[in-house]
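S.K.: In case you want the letters, here they are:
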Amino acid sequence: MAELLAKYNYWIYALLLCVGFYGMMTKGNLMKKLIAMNIFQWAVIFYFISIGAKKGGTVPIIPGGHGGGHVVVEATSFINPLPHVLMLTAIVVGVATTGIALALLIKIYKRWGTLEEEEVLQRLRDRDEVKG
Amino acid sequence: MTHSTLPLFALLPSLVGAILILLTGERHRNLREFWTLAASVSKFAIIWSMLPMVLEGKVLGVEVLEIVPGVGLELKVDAFGLIFALLASGLWIVVSLYSIGYMRGLKEHAQTRYFFCFAMAIFGAVGVALAGNLLTLYLFYEILTVATFPLVAHKETEEAMRAGRKYLAYLLTGATLVLFSIVLTFSLTGTLEFTPGGFLSGTASKAILSLLFVTYILGFGSKAAVMPILEWLPSAMVAPTPVSALLHAVAVVKAGVFCVLRVILYVFGPKLLTDLGLWLPLAFFVSVTVIGANLLALAQDHLKRRLAFSTINNLSVIILGAALLSHDAVRGALLHIPFHGFMKITLFMCAGAIYVKTRQDLISTMDGVGRQMPFTMGAFALASAGLCGIPPVCGFISKWYLCLGAIEAKEVFFLGVFILSALLDAAYFFPIVYAAFFKPPKHDQIKPHFDDASPWLLVPIGITALGSMVLGLFPNLSLRFFDLAGQVMKAVLAGG
Amino acid sequence: MGIMAQLPALIVVTPLLLAFLVYLVGIFRPRLSYPLVLLGTSLSFIFSLGILYQVLHSSAPLSYHLGGWEPPWGIEYRIDHLNALVLAAVAAVAWLVVLFAKGLVDREIELQKQPHLYTLLLLEITGLFGITVTGDMFNLYVLLEIASFSAYALIAMGGRGAAFAAFRYVIFGTIGACAYLLSVGYLYILSGSLNMADLKGIIPGLLHSKALLVGFAFMVMGVGIKMGIFPLHSWLPDAYTLAPSAVAALLAPLFTKVGAYVIVRVTYGVFPLSFSVKDYPAAEALGWLAIGGVIFGCVMALAQRDLKRMLCYLIVAEMGYILMGVATGNRTGITGAVLHIVNDAFMMACLFTVVGAIHYVRGTRDLDDLKYLHIQMPLTSAVLVVGGLAVVGIPPLCGFFSKWYLILGAVEARRWGMVAVLLLSSLLNAIVFFRLIERAYLEVQPAEAFVPNGGTHLKVKLDSLPKGMIFSLLLLASALLFLGLFSGTIVKEIIYPFVNGL
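Residue numbers (the working numbering), protein chains in the order written: chain U, 1 to 132; chain G, 133 to 628; chain B, 629 to 1130.
Just chain U, same shape as in the assembly (with noise of 0.2 angstroms):
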């Protein structure tokens, strides 16, 4: 029990990635949608994130590791930078998604007025475009 209850870090991921899909799924706003995206999104770069951390570990930087010569560290002693940079880039991926999708429902609003999914269909649905 203390074990599972140890790994608190999975526990929250979990909790928000289980948010962030209902939302995405259940929610008809599509901003709402949107936001439930990007909690989804979050809850896997903070679980990324969690991974790399390490008891009593300090920030990956070597002082004075420049210019070259060679310095000797005390690998154990860093938390995992990897995982810090990997989610770097998946944060510029969220953004990116973040500012299509925003741009979509800007071109979504002018040309419906709405950004209720149901009325979005029903306008099409009316021009015979997309079944269902």
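Just so you know, the hints here were simulated from the structure itself, not pulled from any lab data. Glycine included, every Cβ here is placed at the ideal spot set by N, Cα and C. Don't take each hint at face value.
Taking CB as the label site, the calculated pair distances span [stated by the list, open to error]:
1) B:I674 x G:P201: 27 to 33 angstroms
2) G:G202 x B:M632: 30 to 36 angstroms
3) G:T137 x B:G1045: 43 to 49 angstroms
4) B:G920 x G:G322: 31 to 37 angstroms
5) G:G322 x B:L684: 22 to 28 angstroms
6) U:E74 x B:F648: 40 to 46 angstroms
7) B:Y1124 x G:R159: 45 to 51 angstroms
8) B:G829 x U:P60: 23 to 29 angstroms
9) U:N9 x B:G820: 17 to 23 angstroms
10) U:K54 x B:Q740: 50 to 56 angstroms
11) G:K239 x B:G1045: 50 to 56 angstroms
Okay, derived cross-link-like pairs now, DSSO-like style, lysine-lysine, Cα gap no bigger than 27 angstroms in a straight line [as the list claims (entries may be wrong)]:
12) U:K107 x B:K741
13) G:K208 x G:K403
14) G:K403 x G:K239
15) U:K55 x U:K107
16) G:K403 x G:K190
17) G:K338 x G:K542
18) G:K190 x G:K208
19) B:K1120 x G:K208
20) B:K999 x G:K298
21) B:K1120 x B:K828
22) B:K838 x U:K55
23) U:K7 x B:K838
24) U:K110 x U:K32
25) G:K239 x B:K999
26) U:K110 x B:K1120
27) B:K838 x U:K54
28) B:K1095 x B:K999
29) U:K54 x U:K7
30) U:K27 x U:K110
31) G:K208 x G:K622
32) U:K107 x U:K27
33) G:K338 x G:K403
34) U:K32 x U:K107
35) B:K1095 x B:K741
For chain U, the structure is supplied; the task is to place chains G and B on it using the hints.
M.R.: For chains G and B alone, coordinates are given in the frame of chain U:
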């Protein structure tokens, strides 16, 4: 196997011809017709040139491409294939002459498409004949189906479209079963080569082999129009008569029968079939078609439909002969393939000539047409006599051997089937001939004086009718069918 | 050999740089944007052939270390027989579709906006190539997202409901991408590596771990959404139908195929062969999904009246075939799946371009408006016949051969359900396509408007299509024939080395 590129050259004329026809189009119709005739003559010539070598016992082969690792796109010319190839290519010449007269006589539409598909169909048929393994066979078999579809639906009427759809439905479903069989065969044995005497012995359990046999027979049987998968053939009679003539009396259905015999003789082999005891159920199964088709023929008033059912009957007769697995029965079956082709094509061409001249296609309205068209009806009488088994027309020879074969196999029941079938043949052919010559014309379209069909139509009819008789008297003349059949027997039955 | 060694990177970098160039040039001279795009795709095609040549003549996969960093610390582009083949196919189809696209783009998009579309197109191609050549799991995610973004934006450029369809695609696509990212995370936690080749060595030691299974499951789900596997396909029909025709012609054949490649690569290139078959019944489950997908796709395709939508459902069915091949778990089935990736890319490109051409000339995509097509557009109709017969599986066209290996693989794996569905679907496809062929060729006696004098005077110049479109249609149709005739060679020379190494 002797390596030779002749089989490849044998296939090319129809393919090249088809493309040339398509490019030439309606604007230069005489040039287009020339392509058809040139292609058919050259094709026949090349195939005929292979005859001496095959009769010596050689098998000419060439592998064009390795199309699947382990299996090639392979052409192999053995005696059996040559029988069918000679028949298809030879009759293509005849039917092309006939087609030209018929299509122009009726001022039919879409003639370029017609001649193109015809050439492609022959390409497919001869490809089936010359295929060296099951995969190559399947390739050409499918080409044949696809190429003949536009021919069946040619008239583009509601009825024609329905017939076309039915055609596709039956044949493609059959092809699917065949594909399954081929894949299973490959999975069991790792090879698809046709081998005289079969190559499936000992590869799987009795149950699996029996299942495989059933799927092969049903699959190929759809094209060979065995009961109950035969409804497409009578419906396809809505096509123009030359189409019915060559394709459904000679090329398409004969391809089906050819494939069935390939399976019996070159995939399973007589020995395996005897061991599995499968020949007897097959024989019973087709006997039902033999008798059933003839009974149905009696009930038809539409001439071409009656002929269609007669074809169905004859095809199953061929399969029955092969199923009996005795020397003479198989010989009779092999001979009946070309002999029936000659006779049946004569009958169809006559039917077409009658339609062109009098616009009649129902038998009940054909009284007295013999007076108007004595040559046509004379040929009809000759050919139908042959189909009933009356000498000296060639049908007598094949039926004779079939009966001998039934006796040899000690199967009196099937002897009875053959005889009953012949009697029924007489029952539905004789009245047609009688009414044509001895009854006064009922319909005002039929003139009481001489007004036979144009030479374009009569000459081909004459060739095949006389051919039927000549083959009856000298079955080994020029095309050497008799010897070819003998070669097949030596290869297949000697081994088992 | 300078340039030859740089090819793996060049093939991704070229379209990327050209994308920016096109955008900049497009501000001043919009008309120049198309030639640049064509140049980019032609170069990429040549590069891909160069890569294929190299791979066939070397004993080990090509390995390119980005930035000089050695794997597994650095990002590696790793090209073996599998990706070389897929790369060549993707590059070829991309080139052919770009060749085709000009006419449609000129019609549907205003001149000022065209450079934007072309920029996005090049970015899309960058992403697709990148996914194919990379040997690093995370790098794949990045490139997958590049391709996806471009796709979202490209689709939204269509009229009317396209923005909405694109938005839905964004939602679904992001779920997919995040799922994939999660799986990368799981694998990283377990192994400490992101490099595919490296993982291949580490995973066999981890087979007892449940986390591994979860990682695999997330990966399949994620890529499955992108690939359009039933039942995760629901974004597909709307998105590709409402996108501009040229965009659909590029995305539909390629994006899904590249996704399929990823599944094959991960299932068999990273995870060992035994994983999906013996250790966990993943193959079993995937098989049932695949069967469902094929049946669903074929039946829905029958029900459609819009040609483009019909093709979209067929894509779902084709993805089912590939998944079936993967799910058989034996070498023959995998061969079939890989061959089908290549074949289907060409087949779908062919069919989508036909539909695009019909739309260009007749302005319609409705099934019932195909009358007299063979008179007005003879070449296009002929290509339609070729494409349709290929999908049905008539030899010697390519579609038959992938079906052959798939059926053989299913028989070997004793999965009779798959065999039955494979055979049955051919018949369903036959109904779909022969219906089209009937409408195009066999309608009752044509009206005077189309056929005066039995066609002698009707000199429709090349189907009324621009040269680029005709050229690409004919090339695609010929490709279907050649791929079929030479499938034996392709399988023996290229696919077998990959498959036998599993």
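S.K.: So, against the hints stated earlier in the document, which numbers end up violated here?
M.R.: Violated: hints 14, 15 and 26.
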